[in-house]
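K.L.:
Those protein sequences? They're chains A and B, same order as listed.
Taking our numbering, I'd label the letters of the first sequence as residues 33 to 213.
Taking our numbering, I'd label the letters of the second sequence as residues 697 to 748.
Derived from the structure by calculation, the hints contain no laboratory data.
Heads up, some of the hints might be wrong.
So, partial list: chain A residues that the calculated Cβ filter (under 8 Å) puts toward chain B [to be verified]: (1) Ala-79; (2) Ala-81; (3) Ala-82; (4) Val-88.
We put the beta carbon where it would ideally sit given N, CA and C, even for glycine.
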Amino acid sequence: MDMGPTLAVRLNAVALYAIAALLLVAFYWQFAYDELPCPLCLLQRVAFAALAVGPVLTVRYGPKPLHYGLVIVAALLGASVAGRQVLLHVMPGDEGFGSALLGYHFYTWAFIAFAAAIFAAGVMLMFNGQFAHADAPASGRFEAGAVWLVVALTLLNAFSAFAECGFSACPGNPVHYELFR
Amino acid sequence: MEFFIAFFNFALAMWLAWCHRSTLALYVFFAGMLYATAIFLRHAVNPLPLSF
Chain A
33 MDMGPTLAVR LNAVALYAIA ALLLVAFYWQ FAYDELPCPL CLLQRVAFAA
83 LAVGPVLTVR YGPKPLHYGL VIVAALLGAS VAGRQVLLHV MPGDEGFGSA
133 LLGYHFYTWA FIAFAAAIFA AGVMLMFNGQ FAHADAPASG RFEAGAVWLV
183 VALTLLNAFS AFAECGFSAC PGNPVHYELF R
Chain B
697 MEFFIAFFNF ALAMWLAWCH RSTLALYVFF AGMLYATAIF LRHAVNPLPL
747 SF
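Just need the whole structure built from these sequences, with the hints factored in.
P.N.:
Structure follows, in structure tokens:
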């Protein structure tokens with residue numbers, strides 16, 4: 033069994049939609065429950081944005097091992113940040129930072145997501161057939177929509193982070209938007 | 697401002713990739729990774745509860 037470039041590009045677009053969904057859930061919690069993200073939480077969102085660069089390159093140029101390498105590098109940074117935040121709240125009695133979703137805090141979910149991204153990139157690298165074609169397969173609205181959705185959400189996160197932190201360094205436990213004080 | 701730059705950096709990398717500027721997109725990606733690592737080191741100052 034092998035995988036062609038068209039299916040590989042489609043799967044990369046699905047990964048972009050998954051990243052967009054993660055960023056949307058984080059945004060929903062930020063605005064609906066007024067839970068401002070901490071610096072490490074923001075850094076995990078940055079790593080999710082970095083995670084999207086590899087799939088965007090795959091959608092545009094077709095699958096290449098380099099693009100999956102970018103995913104692994106970005107996911108390692110994200111897993112390091114999320115892992116550190118898990119370790120900060122690992123002691124018994126510590127209620128953790130922010131609210132929990134389905135029993136896990138968001139940084140724990142982020143760690144699982146980054147580990148899953150490394151696993152997925154590793155699995156994708158096993159299918160050599162996708163790399164045999166030099167030309168990029170044609171991408172349609174599904175793929176283009178995924179790219180622009182992630183780009184738009186990354187820019188929205190940029191402006192949200194600017195509103196939260198203002199021109200100075202982000203506070204460790206933010207409770208209000210510095211730009212609107 | 698530090699996180700605005702980091703998010704903007706990766707949005708720029710994606711946009712460059714979409715505009716067929718793959719080499720430039722790669723440079724921007726790696727610059728962003730270095731920058732994000734620097735922010736991580738700057739904010740990872742609290743001792744971990746299980747540190748010796």
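K.L.:
Each of the hints needs a verdict: does it hold here or not?
P.N.:
Quick rundown of the hints versus the structure:
About 7 Å separates the beta-carbon of Ala-79 (chain A) from the nearest beta-carbon of chain B, less than 8 Å, and the hint is met. For the restraint placing Ala-81 (chain A) at the interface with chain B, the shortest Cβ-Cβ distance is roughly 4 Å, inside the 8 Å limit, so the hint holds. Proximity of Ala-82 (chain A) to chain B holds as hinted, the smallest CB-CB distance being about 5 Å (cut-off 8 Å). For Val-88 (chain A), the interface hint holds, the least distance from its beta-carbon to any beta-carbon of chain B being 5 Å, beneath 8 Å.
Hint check: no violations occur; every hint is consistent with the structure.
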